[in-house]
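Participant: Residue numbers (our numbering), protein chains in the order written: chain R, 1 to 247; chain Y, 1 to 448.
Hints are not guaranteed to be accurate.
[As the list claims (entries may be wrong)] Non-contacting residues of chain R with respect to chain Y, defined by C-beta distances greater than 12 Å in every case (computed): (1) 56; (2) 66; (3) 95; (4) 133.
[Unchecked claim] Residues from chain R that face chain Y, not an exhaustive set, calculated with beta carbons under 10 Å: (5) 176; (6) 188; (7) 194; (8) 199; (9) 220; (10) 223.
Please keep in mind that the hints were generated in silico from the structure rather than gathered at the bench. Every residue, glycine too, gets a C-beta built ideally from N, C-alpha and C.
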Amino acid sequence: MQFGTFRRFALLLGLFAFVAVIGGCKKQVKATAPAPAPAPAAPPTVTLNASPSSINSGDTVTLSWSSTNATDLEIAPGVGKVAPQGSTPVTPTQSTTYTITATGAGGSATASANVNVNAPAPAAPPAAAPNVSELFSQNVTDAFFDTNKSDLREDARTALTKDAEFLRSYPQVRVSIEGHCDERGSTEYNLGLGQRRAEAVKNFLVSLGIPSDRMTTVSWGKERPFCTEHDESCWQQNRRGHFVMVQ
Amino acid sequence: MKPKTAVAGILAVVVALATLSTAQSARAQDWFKTGTGLGVSKARLAVPDDAARTTAAQPLAKTFHDVLWADLEYSGIIDMVSPSFYPLSVPSQPSELNGQAWAAAPANAYMVAYGNLTADASGLAFAGYLSDVHNPSAPPALQKIYRASATDADARKLAHEFADDIVALLSGGQPGIAQTQITYVSARNGNKEIWVMDYDGANQHQVTHLRSISLTPRWSPDATRIAFTCYVPYRGITSAQICIYSMPLGRLTAFPRFRGTNSSPAWSPDGSQIAFMSSENGDPEIYVANTDGSHMHRITFAAGVNTSPTWNPKTGQQMVFVSDRGGVPVLYLSNSDGSNVQKLDLPDMGYVIDPAWSPNGQLLAFSWQRPSGNYDIYVMDIVTKQLVELTRDEGRNERPSWAPDGRHLTFESTRTGTRQIWTMLADGSEPRQLTFEGQSESPNWSPK
Chain R
1 MQFGTFRRFA LLLGLFAFVA VIGGCKKQVK ATAPAPAPAP AAPPTVTLNA SPSSINSGDT
61 VTLSWSSTNA TDLEIAPGVG KVAPQGSTPV TPTQSTTYTI TATGAGGSAT ASANVNVNAP
121 APAAPPAAAP NVSELFSQNV TDAFFDTNKS DLREDARTAL TKDAEFLRSY PQVRVSIEGH
181 CDERGSTEYN LGLGQRRAEA VKNFLVSLGI PSDRMTTVSW GKERPFCTEH DESCWQQNRR
241 GHFVMVQ
Chain Y
1 MKPKTAVAGI LAVVVALATL STAQSARAQD WFKTGTGLGV SKARLAVPDD AARTTAAQPL
61 AKTFHDVLWA DLEYSGIIDM VSPSFYPLSV PSQPSELNGQ AWAAAPANAY MVAYGNLTAD
121 ASGLAFAGYL SDVHNPSAPP ALQKIYRASA TDADARKLAH EFADDIVALL SGGQPGIAQT
181 QITYVSARNG NKEIWVMDYD GANQHQVTHL RSISLTPRWS PDATRIAFTC YVPYRGITSA
241 QICIYSMPLG RLTAFPRFRG TNSSPAWSPD GSQIAFMSSE NGDPEIYVAN TDGSHMHRIT
301 FAAGVNTSPT WNPKTGQQMV FVSDRGGVPV LYLSNSDGSN VQKLDLPDMG YVIDPAWSPN
361 GQLLAFSWQR PSGNYDIYVM DIVTKQLVEL TRDEGRNERP SWAPDGRHLT FESTRTGTRQ
421 IWTMLADGSE PRQLTFEGQS ESPNWSPK
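If we strip away everything but chain R, and leave its shape as in the complex, we get (with noise of 0.2 Å):
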């Protein structure tokens, strides 16, 4: 998400430096253009057109245009005043119309150009770069515990230890802590045991310096499993602190 924003961002800054350097142009061919003889006005007339005509999201289309008799060009929306001719590219996210209307002293004249957007197909935006979420799935792992305990082992400081360094590059990052059990003991037992895990890798977290507020607490005891099995490496499976994402 938040490199999606950024990238969109950046583009958005490039168009308006474009859109700056055209002006520049603008303002020297005004300087250069000598001034036509005062003589009976002639109507102005203008082109435009955009290459090509259909685009998928995040494509350029270049906009072209030439006039006659104008001496105020505008391209709307989104690109502004003009010179007489020239093109420009644009990054347009959704099908758009472009219309340029040219004044000049006999008058005033308008052409349109359509650019078709196809939709952007809904995976390829988050394929292109790793979003937060996929991070966080990459990155934080969850803490294992021992039949019974909800002391921290050695291997569950150590995945902790790491997910606090994510948690701290991460400052926006909430997380919910969720507190798993194993099949054996009772449903109501598991249910405290599940809370106790929880809180164990929570008061872990923040003794690493994470902000408590960035953090809950829940326990699902033996009520979701992520293993149905009834053995051990399951039962191992199932003894854990796991993190969900809280947008």
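With chain R's structure known, arrange chain Y on it following the hints.
Facilitator: Showing chain Y alone in chain R's frame:
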């Protein structure tokens, strides 16, 4: 000659080993079931078919008799006389009773329960009698007209009422359980919801529709409300909370939400308070509050999990709960204000969970997983600490809950491959499976 001898020698050793191992395994299974609170001499009762006085009553008479028979047979205090020993002439009212014929061999009955059914546009009526066959001239011990609508469901209801009246007479006033209900958790429709059924497994119906996870239902002492563990949002976080469902209102009533995990509610014997586990202040401890959530106060103070509180239903002065303060979850006994905590010592290691106090306050049922075995149901005498094992070698058996007569227990068992609700007599005999669909758990028997 020589090889033959060798072979014979090996055979002898094998036989000896086999004998030895058989003897050992026989010893390993040398356990016994002892009666607890069950009458030593059972009344011998004959229950002939009940006469249908109208055509419309005929199909209902069969339902009525089947339900009545099952209720009385499962009461635990009655020795049912087999119908093949009955005299040919069956009474439908006291004037038709030939006491001698029922008292004589092979019936050898002590009493006869009989009557007649009438069904018409105005409804169903059953005239029921219980007579002492050795004293036929005396008025029947019970004669009563039972009325309801002429439906199969109401025929069941009337049979339960008649059965309870008979049991109350034959057990010295101790009420029967034929009209009681069991609440439990079933996920057969997708989510774990609270369900209720009759004590014999009939009339199973879903009570809550919360579409999350609902657990650990417990009847209030007057059997009008069910407190349970529900997952509901509180301050933006979905967590375990205490919910109370009112049967007459048909909806949840207000109970406050608390931080963290809140679960395993239990009612005080007078119905005015609820004990439950809460991690409101970090560690899961037991708290007591009024049924509207007011006056919440903590009664356990030990690091670890403290849960599954259960009040002594007779006195209200003591509590048993589960705590892992010593390493593994086992049972502790305390005063109901949390003072005077003592561990309930057992002669072996393992998890000890699911305490359930018998209605008379003398016995404690619980689940115990000994290191050598699976979860099984035990009953302990609170004073003498004498133990009886009620289940063995048949899957996981957990969550015992006493019937109000103190003669029956309901529990959950995986003995058929899926987790289902069962009942049994309190000596471990006559296990009956009540649920069959999906998975069901956590039964709780209504106190009335």
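Participant: For this structure, which hints from the list above don't hold up?
Facilitator: Result: no hint breaks.
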